[in-house]
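Asks: Please build the complete structure, drawing on both the sequences and the hints.
There are 2 protein chains.
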Amino acid sequence: MNHANDSQDFVVTFDSEGLETLASAAAAAIESLRRPASGPRSNVTPSELHQLVRTLDVCPDDGVDLNTVLTEMGSIVWSHGVVASDPATVAHLHPPTLVPAVVTELAIAATNQSMDSWDQSPAATEVELHLMRWLATLMGLPESGSGVMTSGGTASNVLAMTLARSWAAKSLDVDVLKTGLPRGAAQWRILCSDQAHFSVQRAAAQLGLGRDAVTTVETSSSGAMDVRALDRVLDEMTHSGLRPIALVGTAGTTDLGAIDPLRDLAERARRHDAWFHVDAAVAGAFMLSDRLARVLSGLELADSVTIDFHKLWWQPFNASALVVRDVERFDLLRVKSDYLDRGDELEGVVNLVGRSLDTSRRFDAAKVVATLRTVGRLAMAEMLEHLVELSRYAGSRIESHPQLELVAPPASVTCVFSARDATDEDLRHIQQRLLARGEMVLGRTRIKDRAALKFTFMNPLTTTDDVDRLVDLVASELSAL
Amino acid sequence: MNHANDSQDFVVTFDSEGLETLASAAAAAIESLRRPASGPRSNVTPSELHQLVRTLDVCPDDGVDLNTVLTEMGSIVWSHGVVASDPATVAHLHPPTLVPAVVTELAIAATNQSMDSWDQSPAATEVELHLMRWLATLMGLPESGSGVMTSGGTASNVLAMTLARSWAAKSLDVDVLKTGLPRGAAQWRILCSDQAHFSVQRAAAQLGLGRDAVTTVETSSSGAMDVRALDRVLDEMTHSGLRPIALVGTAGTTDLGAIDPLRDLAERARRHDAWFHVDAAVAGAFMLSDRLARVLSGLELADSVTIDFHKLWWQPFNASALVVRDVERFDLLRVKSDYLDRGDELEGVVNLVGRSLDTSRRFDAAKVVATLRTVGRLAMAEMLEHLVELSRYAGSRIESHPQLELVAPPASVTCVFSARDATDEDLRHIQQRLLARGEMVLGRTRIKDRAALKFTFMNPLTTTDDVDRLVDLVASELSAL
Numbered sequence: 001m002n003h004a005n006d007s008q009d010f011v012v013t014f015d016s017e018g019l020e021t022l023a024s025a026a027a028a029a030i031e032s033l034r035r036p037a038s039g040p041r042s043n044v045t046p047s048e049l050h051q052l053v054r055t056l057d058v059c060p061d062d063g064v065d066l067n068t069v070l071t072e073m074g075s076i077v078w079s080h081g082v083v084a085s086d087p088a089t090v091a092h093l094h095p096p097t098l099v100p101a102v103v104t105e106l107a108i109a110a111t112n113q114s115m116d117s118w119d120q121s122p123a124a125t126e127v128e129l130h131l132m133r134w135l136a137t138l139m140g141l142p143e144s145g146s147g148v149m150t151s152g153g154t155a156s157n158v159l160a161m162t163l164a165r166s167w168a169a170k171s172l173d174v175d176v177l178k179t180g181l182p183r184g185a186a187q188w189r190i191l192c193s194d195q196a197h198f199s200v201q202r203a204a205a206q207l208g209l210g211r212d213a214v215t216t217v218e219t220s221s222s223g224a225m226d227v228r229a230l231d232r233v234l235d236e237m238t239h240s241g242l243r244p245i246a247l248v249g250t251a252g253t254t255d256l257g258a259i260d261p262l263r264d265l266a267e268r269a270r271r272h273d274a275w276f277h278v279d280a281a282v283a284g285a286f287m288l289s290d291r292l293a294r295v296l297s298g299l300e301l302a303d304s305v306t307i308d309f310h311k312l313w314w315q316p317f318n319a320s321a322l323v324v325r326d327v328e329r330f331d332l333l334r335v336k337s338d339y340l341d342r343g344d345e346l347e348g349v350v351n352l353v354g355r356s357l358d359t360s361r362r363f364d365a366a367k368v369v370a371t372l373r374t375v376g377r378l379a380m381a382e383m384l385e386h387l388v389e390l391s392r393y394a395g396s397r398i399e400s401h402p403q404l405e406l407v408a409p410p411a412s413v414t415c416v417f418s419a420r421d422a423t424d425e426d427l428r429h430i431q432q433r434l435l436a437r438g439e440m441v442l443g444r445t446r447i448k449d450r451a452a453l454k455f456t457f458m459n460p461l462t463t464t465d466d467v468d469r470l471v472d473l474v475a476s477e478l479s480a481l
Numbered sequence: 001m002n003h004a005n006d007s008q009d010f011v012v013t014f015d016s017e018g019l020e021t022l023a024s025a026a027a028a029a030i031e032s033l034r035r036p037a038s039g040p041r042s043n044v045t046p047s048e049l050h051q052l053v054r055t056l057d058v059c060p061d062d063g064v065d066l067n068t069v070l071t072e073m074g075s076i077v078w079s080h081g082v083v084a085s086d087p088a089t090v091a092h093l094h095p096p097t098l099v100p101a102v103v104t105e106l107a108i109a110a111t112n113q114s115m116d117s118w119d120q121s122p123a124a125t126e127v128e129l130h131l132m133r134w135l136a137t138l139m140g141l142p143e144s145g146s147g148v149m150t151s152g153g154t155a156s157n158v159l160a161m162t163l164a165r166s167w168a169a170k171s172l173d174v175d176v177l178k179t180g181l182p183r184g185a186a187q188w189r190i191l192c193s194d195q196a197h198f199s200v201q202r203a204a205a206q207l208g209l210g211r212d213a214v215t216t217v218e219t220s221s222s223g224a225m226d227v228r229a230l231d232r233v234l235d236e237m238t239h240s241g242l243r244p245i246a247l248v249g250t251a252g253t254t255d256l257g258a259i260d261p262l263r264d265l266a267e268r269a270r271r272h273d274a275w276f277h278v279d280a281a282v283a284g285a286f287m288l289s290d291r292l293a294r295v296l297s298g299l300e301l302a303d304s305v306t307i308d309f310h311k312l313w314w315q316p317f318n319a320s321a322l323v324v325r326d327v328e329r330f331d332l333l334r335v336k337s338d339y340l341d342r343g344d345e346l347e348g349v350v351n352l353v354g355r356s357l358d359t360s361r362r363f364d365a366a367k368v369v370a371t372l373r374t375v376g377r378l379a380m381a382e383m384l385e386h387l388v389e390l391s392r393y394a395g396s397r398i399e400s401h402p403q404l405e406l407v408a409p410p411a412s413v414t415c416v417f418s419a420r421d422a423t424d425e426d427l428r429h430i431q432q433r434l435l436a437r438g439e440m441v442l443g444r445t446r447i448k449d450r451a452a453l454k455f456t457f458m459n460p461l462t463t464t465d466d467v468d469r470l471v472d473l474v475a476s477e478l479s480a481l
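Order-wise, the sequence lines are chains Y and D.
Sequential numbering of the first sequence, starting at 1, is according to my numbering.
Sequential numbering of the second sequence, starting at 1, is according to my numbering.
None of these hints come from the bench; they were simulated from the model.
Since we're looking at a predicted model, the values are computed, not measured.
Cβ atoms here follow ideal geometry from the backbone N, Cα and C, with glycine treated the same way.
Hints should not be assumed to be uniformly reliable.
As a list, the in silico DSSO-like pairs of lysine-lysine whose alpha-carbon atoms are at most 27 Å apart [what the hints assert, rightly or not]:
#: 1; chain 1: Y; residue 1: 448; chain 2: D; residue 2: 170
#: 2; chain 1: Y; residue 1: 448; chain 2: D; residue 2: 448
#: 3; chain 1: Y; residue 1: 178; chain 2: D; residue 2: 170
#: 4; chain 1: D; residue 1: 178; chain 2: Y; residue 2: 448
#: 5; chain 1: Y; residue 1: 170; chain 2: D; residue 2: 178
If we take Cβ atoms under 10 Å as the criterion, some of the chain D residues that face chain Y in the derived model are [to be verified]:
#: 6; residue: 124
#: 7; residue: 151
#: 8; residue: 237
#: 9; residue: 311
#: 10; residue: 373
#: 11; residue: 382
#: 12; residue: 436
#: 13; residue: 443
Computed footprint of chain Y on chain D; a stretch qualifies when at least three of its residues, placed anywhere within it, have a C-beta under 8 Å from a C-beta of chain Y [claimed, not checked]:
#: 14; segment: 20 to 29
#: 15; segment: 36 to 50
#: 16; segment: 59 to 70
#: 17; segment: 292 to 302
#: 18; segment: 312 to 320
Replies: Quick look at the structure:
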């Protein structure tokens, strides 16, 4: 019996013929991305888009020529996306990506290593471990520091809280993963600031503790945790018999970009025997810059740290990591499996499934390594410093603007602002109209229960002239209300 | 102020110059994948590989030329990976990938849409919704059926169990995500077969119920759940005041490829008011084949179904989905966020963050759609049928072999076998030596507490001649013991 008909046209192989097929298909896929410089998105409406996409027959009995399919993807899908490298895409922590990462994604997909076991990813496992050690060293963690790649900041935070929960249970001689939450768990609390990412609540919900087990601590007007408020909360907890099992510091809040006083938090966590996790999804990249790194002082005291490579490291989704100060902490998770990670393999074999909440897992570490080696630390730092400068520049433009007002001075790459005399509904209108017309993908959020607008600068190509134009555009929408 | 120096060399743009840069980098990345046809992996040892990878300076101050970096990735990383399209890669559900998917990955990474909110992925959101509706229809679910993409089968199963837990709590008027596990949760049980994937236990552990809350039901020698055993377990539960909150059927077990009697399970789940989840990560693709689909009878009765596109749909990791019979079930998860999914957007806007345990999320649906449209249903079916044929052929070869013995008749794409008179340690030796020499990446597992070897056929290019060679190679290792 021969191989399946047709399959040789489609299955990726690494001989000359296979690579030629891949190269010509890749060229066609790249050509399908071409679009005129016309703003951050087309002005198609949600319902038009709904109709347009429904014209695609997902799985016809007989296949359609690949070039036709790729061209369609271009005209129906890519041309109606958001252009992350347009200067007017400023809503979210949604970066444009870098060439070395993007072409390495193709290699990752073609070779399809799976990170759960060494015999699906021999070199890839070593590369991920090498990247994790580098990252731990960059943070100033001890030799024992290591980590694992995850699918996103939320997954990294959930993994951290999973470890923290097991750590707390272990102190009661309970294996929570085996026997479930002990009775005393109703007294467990996770602390974070009121500006921390909602994935802290998500994690508590997932873990059976419930969102109500998260106690949020007040922030100052900058958005950073107020340490005196933290001390009050901890005192109250002690008095009422509650146990803080984890304290989560944020290095770069989603809206204001604020960085909690990490050293102070580390000290409180140690004193209360709580796991100290730092969500550095936003500002973790600042470690790369000699100028910016000092704001992260105290990061080296963390039990675990979330790093999102798919934010200010300009990696395509998904690429996140959870780094732990001691690799043995992952033993809290490990369960033997009969077909993976049996513990009786060739000497030196590591099966990463033991560190992860996933099983099959993409080799995302490859794109991070290819990017860092190609771009180099100094150029990465320069791009970061540029974005911080841009947000400060935007802050100064807004501060001096007659109609606009700053909510807080920019602390990293965001600039949150409001308008004098504008209602929440006015701000919503401005953001929605700019989005509908495809002129700007502007951020909108709430700070201390008041609506606000937000620029998030993720694009190193953006200039101060672009910022001027964005501010003018928002102001003219405001005037047109 | 201008854009950051250097950044224009690296940031992906969609004008002529940007696309040219991308195209030439992609060509170099593809060239780095070239390798001689030399078996499933190199014979490098784990410690040699460790040394080799450590020679890479992850992040030098000054970047290295991209072509140099890509060439290095080729010689250090890709050439020491596992070749999923080699006929002797047969250990895991670890597929080679298809050209349309791989080149679409490049487009996904270049455009970097994020699936959490419509204003980061307008067309992409519609494409994912369209794919999910198609999948629900293919399963025979009602009009209300929909789903969400996840990072893997484990994540899909965890999401399903998260929904099941909330569903059970809701019947007690408890919002478990808010207030945590209620007291009665100690009586909750999740049922699955003793051959179900370990991610069911993983989910129970994660959710605070603990692995001990999973009750496994005996399987017949084929590996499928024994319905009489299920009835006994359910009876005992009723008597002892335990509550089965979820029943998990498996369509394609990891080792034997067995498919549980889904209609019978659905009936029991309904009778006991338990969530009926089907883990169809392995055999879900059989829906595409008129010949193979009938084994999935009863799938249309599920409350939720896990589909792994990165298994027998030949997609690169990660690409999985959780499909639910009623899209409103996702309301069990939804929490309003101030900066995403506020509920006051343009008419028709859907923010998929409300269905997902992730926040930022890659547009994996694009590669699935591009693949299905290009290959077409009939060719997909033919490739699947070919793999099922191969596993049957391997089964017949082993059955008639003087030294080897079949553990169970192949039910889908795996063939599990043992050797007469061989100890568990002998089988370990065979598998490890073939792996060490780079001649075969063979599977090894335990069935009913006895060691076994396993062929997993994922590669449509494999022929019966290849199977003959694999069987001979194992037999000659056995003789050489």
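Asks: Run every hint past the structure and note whether it holds.
Replies: Evaluation of the provided hints:
1. A hinted pair counts as satisfied when its Cα atoms are at most 27 Å apart, and residue 448 of chain Y with residue 170 of chain D does not qualify at roughly 31 Å.
2. A C-alpha spacing of about 58 Å is found between residue 448 of chain Y and residue 448 of chain D, which places the hinted pair above 27 Å, so the restraint is violated.
3. For the given pair, residue 178 of chain Y sits about 24 Å from residue 170 of chain D by alpha-carbon distance, which is consistent with the 27 Å threshold.
4. Distance check on the hinted pair: residue 178 of chain D and residue 448 of chain Y sit about 22 Å apart at the alpha-carbon level, within 27 Å; holds.
5. Distance check on the hinted pair: residue 170 of chain Y and residue 178 of chain D sit about 24 Å apart at the alpha-carbon level, within 27 Å; holds.
6. Contact between residue 124 of chain D and chain Y, as hinted, is supported at the beta carbon level, the nearest pair being about 6 Å apart and thus within 10 Å.
7. Because the closest C-beta pair between residue 151 of chain D and chain Y is about 4 Å apart, less than 10 Å, the hint holds.
8. Taking 10 Å as the C-beta contact cut-off toward chain Y, the hint placing residue 237 of chain D at the interface is violated, the least distance being around 17 Å.
9. Interface hint status for residue 311 of chain D: upheld, as the beta-carbon distance to the closest one in chain Y is roughly 8 Å, under 10 Å.
10. Nearest Cβ of chain Y to the Cβ of residue 373 of chain D: about 5 Å, under the 10 Å cut. The hint holds.
11. With a cut of 10 Å, the hint placing residue 382 of chain D at the interface with chain Y holds, because the nearest CB-to-CB distance is about 5 Å.
12. Interface hint status for residue 436 of chain D: upheld, as the beta-carbon distance to the closest one in chain Y is roughly 6 Å, under 10 Å.
13. The criterion of a C-beta within 10 Å of any C-beta in chain Y is met by residue 443 of chain D, whose closest approach is roughly 7 Å, and the hint holds.
14. Under the rule that three or more residues need a Cβ within less than 8 Å of chain Y, the assignment of the segment 20 to 29 of chain D holds, with 8 such residues.
15. Counting residues of the segment 36 to 50 of chain D whose beta carbon lies closer than 8 Å to any beta carbon of chain Y gives 8, which reaches the threshold of three, so the coverage claim holds.
16. A count of 10 residues in the segment 59 to 70 of chain D with a Cβ less than 8 Å from any Cβ of chain Y is obtained; the coverage claim is therefore met, three being the minimum.
17. Coverage of the segment 292 to 302 of chain D by chain Y is violated in this model, with 0 residues showing a Cβ closer than 8 Å to a Cβ of that chain against a need of three.
18. Only residues whose beta carbon comes within less than 8 Å of a beta carbon in chain Y count, and the segment 312 to 320 of chain D has 4; three or more means the coverage holds.
Taken one by one, the earlier hints fail for this structure at numbers 1, 2, 8 and 17, listed in ascending order.
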